[in-house]
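Q: Okay, here's what each chain looks like letter by letter:
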Amino acid sequence: DAKTTQPTSMDCAEGRAANLPCNHSTISGNEYVYWYRQIHSQGPQYIIHGLKNNETNEMASLIITEDRKSSTLILPHATLRDTAVYYCIVRVALGGWRIKAAGNKLTFGGGTRVLVKP
Amino acid sequence: GAGVSQTPSNKVTEKGKYVELRCDPISGHTALYWYRQSLGQGPEFLIYFQGTGAADDSGLPNDRFFAVRPEGSVSTLKIQRTERGDSAVYLCASSLGLNTEAFFGQGTRLTVV
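Taken in order, these protein sequences are the chains called A and B. Here my numbering is used: the first residue of the first sequence is 5, the next is one more, and so on. Here my numbering is used: the first residue of the second sequence is 4, the next is one more, and so on.
Honestly, the hints are just simulated from the structure, not real lab data. Bear in mind that the values here come from a model prediction, so they are computed numbers and not experimental data. All C-beta atoms in this analysis are idealised placements derived from N, C-alpha and C, irrespective of residue type, glycine included. Fair warning: there could be bad hints in the mix.
[Said to hold, decoys possible] Just some of the chain B residues that point at chain A, by a computed CB distance under 10 Å:
1. TYR36
2. GLY43
3. GLN44
4. PHE48
5. SER61
Put together the whole structure using the sequences plus the hints.
A: Now the structure itself:
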């Protein structure tokens, strides 16, 4: 799976949008971008994923550049409960025989430690 | 239960002892994963099961680590002759299929003294 690069940490103000960047310049055409977050003392939580189109769900929006070499996770109205470590992960889209080879195996990097301040 | 359940939540053991960590996945989830997380780092893949069989155990650090899932549901991670370096949070996750999102448990914090 392609390697990702994220800032180590960032602060954002409560109620404002939080924009979390991720670089994945070596991403392949069959690789998805996934975002997970981990709140202190909890297991990672799935947020969103996408291949090439922008995606939105109840938690966040994912903006992927046209060349797919970078993406941004947007938390539209950050709350104090959004304080967590956010992981950007690139994972191959599985099909056929490769399903058994890779499954849902995720390669986590260091993530971005996001602190939402009042 | 509604989510992935891991027991115990905390385990303290002496160096050289044997430990077992249990994971109850979400009902109906065929895929189950074990990860290990050291302080200040992201989770590190250990092993995953598709049904009863281990489909990929490439992340197990050495032969002191072993995991089973005999009936395709509950899984147990077993660590023999524990070492202080095994101290970490051990996370379990499950997913409905291999291409669907993984749901993680709260983890078991293992401390080897």
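Q: Of all the hints numbered above, which does this structure not satisfy? Sort the numbers upward.
A: none
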